[in-house]
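Peer 1: Protein chains in written order, with my numbering: chain A, 1 to 285; chain B, 1001 to 1358.
These are computed hints drawn from the structure, not numbers from a lab. Wrong hints could be hidden among the right ones.
To be verified - Only some residues are given here: those of chain A computed to face chain B with a beta carbon under 10 Å: (1) Glu-187; (2) Gln-190; (3) Leu-192; (4) Lys-198.
As the list claims (entries may be wrong) - Covered by chain A, per the in silico footprint, the following chain B stretches (three or more residues, Cβ under 8 Å): (5) 1085–1094; (6) 1097–1107.
No residue lacks a Cβ here, since even glycine has one placed at the ideal position from N, Cα and C.
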Amino acid sequence: MQRVSGHRQKMEVFTLIFPALFWLTVFFAIPLLSIVVYSFLKKGLYGVLVWEFNLENYARFLDPLYFKVFGRSFAVAVLTTLGCLVIGYPLAAWLATRPTRFQGILLMLLMIPFWTNFLVRTYAWIVLLAREGFINTALMSLGVINEPLGMLYTQPAVIVGLVYGWVTDMVLPIYATMVGLDRSLLEAAQDLYANDLKTFTRVVLPLTMPGIVAGSILVFIPSMGAYVTPDLLGGGKVDMIGNLVQRQFGSAQDWPFGSAISCVLMAIMVIGTLIYFRISGGRER
Amino acid sequence: MAESIPAVELEHVTKRFGNVVAVNDVTLRIAEGEFFSLLGPSGCGKTTTLRMIAGFEMPTAGVVRIRGQEMGETPPFKRPVNTVFQSYALFPHLTVAQNVAFGLEMQKVPRKEIKQRVAEALEMVRLPQMANRKPKQLSGGQRQRIALARALVNRPQVLLLDEPLGALDLKLRKAMQLELKALQSQVGITFIYVTHDQEEALTMSDRIAVMNEGRVYQVGTPREIYERPNSRFVADFIGETNFLTGRVEEVRGEQAVVLVDGTVRVVGTLTGPVSRGQEVTVAIRPEKLRLRPTGEVQGRVEELIYIGTDTRYVIRLTERSRLTVRTQNVGIGDSQRFRQGERVGLEWNDESALVLVE
Ligand SMILES: Nc1ncnc2c1ncn2[C@@H]1O[C@H](COP(=O)(O)OP(=O)(O)OP(=O)(O)O)[C@@H](O)[C@H]1O
Ligand SMILES: [Mg+2]
């Protein structure tokens, strides 16, 4: 009986991420398949593919260097997801409680920055965070600091950039579940002696969980595979898997190894997502 | 006997939403253990009144007291009342038992006691076997009962119910009316019951407040409200009534002679002070009128409708006024005593015709 509602909740999450899923299937199915095939091939001279089945590419992962990059990517993606959640959840709640006639406009305002090119927006962060950047200049002229802070080319800078880039993907699914939340349930909780905090933890949070799950997946996956942001805001010091892959396909000319990294990344994300579904679905049971 | 403290007291309570006056200067005293109904048409301010008692709305002016305690800005979770919502508002992510336990958990009642009280509450609404279901797996009537159990398990001093039977079909509604009433006398908790269904209010309530446009028009027992409405609105809203308009010709103590439409004289009982020449309304219920072959007041049978238990006659009294008469079909021939077009006499007891000023 309880499995039915767990299933329902999963269906709800599924509906929320379906558009993205559809997109991915149609536009990535074919490239995906070729990546899987490449990952079992051998690299010849000058990046030529040698059609010879082997597991060499996967064996190379045992090198601790790659472990470290994977670990860092995971940490950055988790922190990015948490950052998006911390900013996105209250924002979604605020949006959903505005008068209906303003909600459309506010959602538009939220999206407008995303009409500009992603690179341009990332460069804007460089302008803000650099040694002679906006923040340092402002803080120094106010006398808060004497020396410029080294903010750019650090892991936090990468996370800030990623949070900025993906926060709307967190806001939208949460907003959708918030709007669907029946207000009389909040009143019922208050009527049954729950104060504001208890009303939130016992009623609002569990009922908006499908939005949190969907949003987290939508943020975590692209963060884990990011390469532009760590490249620009990490300045080569905060390498993530994306950069590794990019290098194999670019300067290193090692497509089979690049493909193998991608496959491992994908496998981890698929398994991770499934586990996440389990855990968040299990909370309710 | 010293007057005991009312369970709930509203004193000159007004609530405005912008320009809308939802509740206008309402004063009510609801006694301990009473089944009290707020009755009135849609938009008259019933829900708003209830929400001010629950604490979801704060009065613009006036005072709400619960057991003598002034409520002021006290939030809902600190008031000794519970609400049964019109939509039930059961928590969809919790089982029936968890829903019922919610209020007790929030009040930090010990686990063991919660378990026992939840079981008792489910027993009381006769749904113990539903404990582990989710609200979506229940029928409308079952949900209604769980909402009731969820509120009553807290043993509130006052239970507020906002059209709790509104979503049920007629038959279930009737059954639940009786069940609710029985439950109320069993637990002895004060019930404040909002409804727009006059029959429901009449069958269930100890007392009724009839509301219209934010005001309370009349407070009284079902009998008082039905037999002695104090205004045209109340007489019209509760049951079926004939209205005649005319001028007061003569005041004789408790009674007045009214000249209806300048042609027919009727005698009615006063509900308030009137003076000679004043324009008034006379209200008479159809079942209080008797038809005779002839009489002082006469009319012509315009229509005759046989409706099984009763026969309804529409009698043309004057050019402007008609009266509906309801007679019970006691004998087989009763429905054929008078024919269409026939002149008949009309009789009633003086106390059945009410002279209304408002
Ligand atoms: N939150 C609000 N904001 C503005 N106006 C409101 C609000 N709540 C109620 N009103 C108005 O106050 C008046 C009384 O509303 P209320 O809900 O108390 O009526 P009601 O008697 O319960 O009606 P119904 O039988 O339809 O439920 C209505 O005119 C309504 O439009
Ligand atoms: Mg209402």
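Peer 1: Hint by hint, note whether the structure agrees.
Peer 2: Results for each hint:
The criterion of a C-beta within 10 Å of any C-beta in chain B is met by A:Glu-187, whose closest approach is roughly 6 Å, and the hint holds. For the restraint placing A:Gln-190 at the interface with chain B, the shortest Cβ-Cβ distance is roughly 4 Å, inside the 10 Å limit, so the hint holds. This hint holds: A:Leu-192 has a C-beta 4 Å from the nearest C-beta of chain B, less than the 10 Å allowed. Taking 10 Å as the C-beta cut-off, the interface hint given for A:Lys-198 holds, the closest approach to chain B being about 6 Å.
Look at the stretch 1085–1094 of chain B against chain A: 7 of its residues bring a Cβ nearer than 8 Å to a Cβ of that chain, three or more, so the hint holds. For the stretch 1097–1107 of chain B, the assignment as covered by chain A holds, since 4 residues bring a beta-carbon within under 8 Å of that chain's beta-carbons and 3 suffice.
The structure fails none of the hints (numbered hints given earlier).
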